[in-house]
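Participant: Under my numbering, think of the first position of the sequence shown as 57, with each following residue one higher.
Derived by calculation from the structure, the hints in this document are not laboratory data. It should be emphasised that the depicted structure is a prediction, and the values quoted were computed from it without experimental measurement. Any given hint could turn out to be false.
[Unchecked claim] Below are the BS3-like pairs computed for lysine-lysine, each with C-alpha atoms no more than 27 Å apart in a straight line:
| no. | residue 1 | residue 2 |
| --- | --- | --- |
| 1 | K126 | K208 |
| 2 | K189 | K157 |
| 3 | K218 | K140 |
| 4 | K183 | K126 |
| 5 | K140 | K161 |
| 6 | K183 | K208 |
| 7 | K199 | K126 |
| 8 | K157 | K183 |
| 9 | K189 | K126 |
| 10 | K189 | K218 |
| 11 | K218 | K208 |
| 12 | K189 | K208 |
| 13 | K161 | K199 |
| 14 | K183 | K140 |
| 15 | K199 | K140 |
| 16 | K157 | K140 |
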Amino acid sequence: MPTKPEEKAIKRGTEAWIPFEGLRTEIDRLFDDFPPNFWSRPLGMAVTRRAPFLSNWAVAPAVDLIEREKNYEITAELPGMEEKDVEISVSNGTLTIRGEKQEAKEEKEKEYVLSERRFGSFRRTFKIPEDVKTDDVAATFSKGVLTLTLPKTEHPRQNERKIQISTD
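Go ahead and model the full structure; you've got the sequences and the hints to work with.
Facilitator: What follows is the structure, encoded as structure tokens:
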């Protein structure tokens, strides 16, 4: 019986599952990218779907990293926070931004009372490039935006140097 050129042979046995192997690998990789404690949270991410007022409550702030000719700049969005709620430290080639946010809201109407409280802390850590003058890192905070300036050294540290080999 002649077949049309556009007809394809039906795959049999394990051959039919080959395209799904790539999909399974990608799904496994996706779940591996979540932090280890993500799945141990009592309600996971389902809370934000049921309580939309929580959806803008971020675990860690959004950050922009910019490299300029003479410095690096890190900008973090910290809406509703004040400078006293934020701590910045530099140690062993790592810059850490920590913060704690506390928010309380209460509304009273004739038939109901709504009271919401949200508390949370965050920590963002960045590896500092070797050409940064860590003693001169500066921070400013204005209208919920933290800006860190990391000045570059004029001569970056040499990562490589030749070692002379001596003979006995």
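Participant: Each hint should be assessed against the structure and marked as holding or not.
Facilitator: To see whether the hints hold, each was checked on the structure:
no.	hint	verdict
1	K126 with K208	6 Å, holds
2	K189 with K157	30 Å, violated
3	K218 with K140	48 Å, violated
4	K183 with K126	18 Å, holds
5	K140 with K161	20 Å, holds
6	K183 with K208	14 Å, holds
7	K199 with K126	25 Å, holds
8	K157 with K183	24 Å, holds
9	K189 with K126	11 Å, holds
10	K189 with K218	25 Å, holds
11	K218 with K208	25 Å, holds
12	K189 with K208	6 Å, holds
13	K161 with K199	20 Å, holds
14	K183 with K140	24 Å, holds
15	K199 with K140	13 Å, holds
16	K157 with K140	10 Å, holds
This entry does not satisfy hints 2 and 3, going by the numbered hints stated previously.
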